[in-house]
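Construct the entire structure; sequences and hints are all you get.
So that you can map any letter, position 557 of the sequence shown is 557 in the numbering used here, and since no number is skipped, the others follow by simple counting.
To be clear, the hints were calculated from the coordinates, so they are not data collected in a lab.
Values in this document were obtained by computation on a predicted structure and should not be read as measured data.
Do not take every clue at face value.
Said to hold, decoys possible - Mimicking SDA-like on lysine to any residue, the simulated pairs with C-alpha atoms at most 25 Å apart in a straight line are:
| no. | residue 1 | residue 2 |
| --- | --- | --- |
| 1 | 705 | 630 |
| 2 | 227 | 255 |
| 3 | 640 | 630 |
| 4 | 392 | 466 |
| 5 | 157 | 240 |
| 6 | 486 | 459 |
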Amino acid sequence: MQVICMTVRKKTALIVFVVISLFLSFNLLMDYFYVLGSLEDLEIDEGEKSLKRAVLAIDRDLEHLSLFCYDWAEWDDSYRFIEDRNEAFINSNLSENTFLHNHLALLFFINKSGQVVWGRCYNEELEEFISIAEFSGQKWSTAHPLLQHSRNDSVVKGYMQTSTGVLMLASRPIIPTSAYGDIRGTLIMGRLICDRCIELMRERTQLDMEIWSMSDETLLSFDCHAKDQLQAGTATHIVRNQDWIFGYTVLDDIYSRPVLLLRTKAWRTIYKRSRDGILVEMLCTLLSAIIVGFLISYLLYRSVSRPLACFVKLISGIGASEDMQQIDIHPENDEIACLQREFNQMVQRLHDDARKRESVEVDLRVSEARLSAVLDAAPDGILTIDAAGMIKTVNLAAVEMFGYEAGYLPGKSIFLLSASQRRTLLKEEIKKFHKDPESSVFSLGVEVSGVRQDGSHILLHCKIGRVEIEGADRFICIVRDVSGLKEIHEKLMRTKHLASIGEMGASIAHEIRNPLAGISGAVQALTEMSSVEHSEYEILIEINRLTGCIEETVCQMLEYAKDWQPEPRLTSIVDLINETISVYSRQADLQNTTINVKGSAEIRALVDPELISQVLVNLMANAVAACGGRHGVLLWSVEKSLREVYITLQDNGSGIDGDLQKSVFKPFYTTRENGNGLGLAICQKIIERHNGNIALESEVNVGTKVTIVLPKSKFLKT
1 MQVICMTVRK KTALIVFVVI SLFLSFNLLM DYFYVLGSLE DLEIDEGEKS
51 LKRAVLAIDR DLEHLSLFCY DWAEWDDSYR FIEDRNEAFI NSNLSENTFL
101 HNHLALLFFI NKSGQVVWGR CYNEELEEFI SIAEFSGQKW STAHPLLQHS
151 RNDSVVKGYM QTSTGVLMLA SRPIIPTSAY GDIRGTLIMG RLICDRCIEL
201 MRERTQLDME IWSMSDETLL SFDCHAKDQL QAGTATHIVR NQDWIFGYTV
251 LDDIYSRPVL LLRTKAWRTI YKRSRDGILV EMLCTLLSAI IVGFLISYLL
301 YRSVSRPLAC FVKLISGIGA SEDMQQIDIH PENDEIACLQ REFNQMVQRL
351 HDDARKRESV EVDLRVSEAR LSAVLDAAPD GILTIDAAGM IKTVNLAAVE
401 MFGYEAGYLP GKSIFLLSAS QRRTLLKEEI KKFHKDPESS VFSLGVEVSG
451 VRQDGSHILL HCKIGRVEIE GADRFICIVR DVSGLKEIHE KLMRTKHLAS
501 IGEMGASIAH EIRNPLAGIS GAVQALTEMS SVEHSEYEIL IEINRLTGCI
551 EETVCQMLEY AKDWQPEPRL TSIVDLINET ISVYSRQADL QNTTINVKGS
601 AEIRALVDPE LISQVLVNLM ANAVAACGGR HGVLLWSVEK SLREVYITLQ
651 DNGSGIDGDL QKSVFKPFYT TRENGNGLGL AICQKIIERH NGNIALESEV
701 NVGTKVTIVL PKSKFLKT
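Rendered as structure tokens:
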């Protein structure tokens, strides 16, 4: 049975018709349901914006009244008037002109007990003082909302329905001009919301707006309906008819009750013009679609449908086959035959390319996996950057070294990983390396300061090589974290230096001590002789004192040369400080010194109490000496973290110059005339034997702060 199929020509015509029909239908639906609906929503938004502008205009008038009231309330004359009610103030400031020029309908001065000191109501239209029933009393309740002022900067403002209409009220506490002083009373000002006020708001906002009292009985029916909706709890109410869009809202009085009904009105110009424009646009679109449809159908038939019909007959079998196969060439040398030959060549190329692509993809995946494994296994960080300093690739060691997540660094600048103060120099060196690699320090390797993601700094050894990839220069940057090696090297050199100093000092002290003992004994014997004259006796006493100083220095040198072996015990640091203060106070005069200790006795650390007490005594002696003859204040403070204990001594002494602070822990360095320069060096050595550290901060004529950091329970050095 012969199957009747629709021809390409008919399909083309049908497709064009369906597409145009769908386009027109979609366009019509979009215009009427979306565009017009959006315009209606836009009108509602504009109505709400108009309401907000109108409310802001009223609030602005209320704020201006509040500021004007504040100017009067924060005035020394008003502050005195509330007490003495002087006639001069009334004659000069509370005349009829004050009400008229400032459009005031009400002005009251009320003291703290609620007694009206002075108050008048004014009718601006009649230009005379009137009486308002709600403000006729001479004694107000202290619970009145307008009198609730507990702070000097408090304000009460709002609206109130009265027998003469709705008043705009502002209340401020009466205080001195300096704003510092007790509140003596309250100043209340009010303005009547009248037609003149509403007209001024219309001119400022360029809105067609109306304001009525909620008790107004002249409202139209749709206005009454809007009022009912708003009283039911709706914040705003938007109403539309054929020509207008109305917006309604209510304003509450000082008792939080609805008092004013606000309405804005605007023409529906946008909606009307848009609707007419959509109708014209739809007619033009329909006519254009019909013309374009005929043209497309004819051109497709001439250029596609007719030639394709012949070719389809020859390749119709390929569509049912899973594999692409070559077709038999048409015997005639025409366009169809040319198309067939090109088709066969294309099929052959596709087969060849597919085989090559599969082979290359396999090799590429193996190569990438091998290279990635090698780079990730490397202990050093390896980064690839371009000539602009942008990171292209980064291995696992570099990611872990700088603390970033994998995949974050590629695409970022290499300068993100360098210290800010070294970035300019780093940029210049990279440019120099790009031009002449041999002239740059990076060709041999250089130490640079790196920055981790958390902001901490690390010392890196960086070496860069250049390679060309895809015709562009790339730089292979190899970095190694040498922070630990640097620290170990510096500590080793310092230890060797101190050890040599200690050995030398011990040797010298041993050689000096025996002759020194003989000199001291001889001087002591001479002082006991009765034939010694007074002047000679004083010289012998001085020699004996100086000999004692030398003996003390020798003892300190021997102490410094000791190889301490701490005997750690779990010790309360605060108790140890208090014991040290008690012992030291019996040895030194502390009458002119105040010593305070801050910290909990529960803070404990694994330390040798005798050695740490020696450190505390030395620090306290230095602090007392730094205070000189003036009253000294010493503050000990003890704090802790998860693993460490912090001991701080702060004094108010003369301080140490910044250039000298770097040398205070060096052996034999001292700023005191009778010092030997070994006290702080011994302190540092003891603290380091406890696996801790000691630091000093000082400012001249301000004081010195010494901080000791000790581990709470970590095993001590041996």
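Status of each hint after checking the structure:
Among the hinted pairs, residue 705 with residue 630 is consistent with the structure: their alpha-carbon atoms are about 18 Å apart, no more than 25 Å. For the proposed pair residue 227 and residue 255, the alpha carbon gap of about 19 Å is at most 25 Å, so the pair holds. Of the pairs offered as hints, the one joining residue 640 and residue 630 is violated, with about 32 Å between alpha carbons and a cut-off of 25 Å exceeded. Proposed proximity of residue 392 and residue 466 is supported: the alpha carbons are some 14 Å apart, at most 25 Å.
A C-alpha spacing of about 33 Å is found between residue 157 and residue 240, which places the hinted pair above 25 Å, so the restraint is violated. In summary, the hint linking residue 486 to residue 459 is supported, as the alpha carbons are separated by about 8 Å, within the 25 Å threshold.
The structure is inconsistent with the numbered hints 3 and 5, although it conforms to all the rest.
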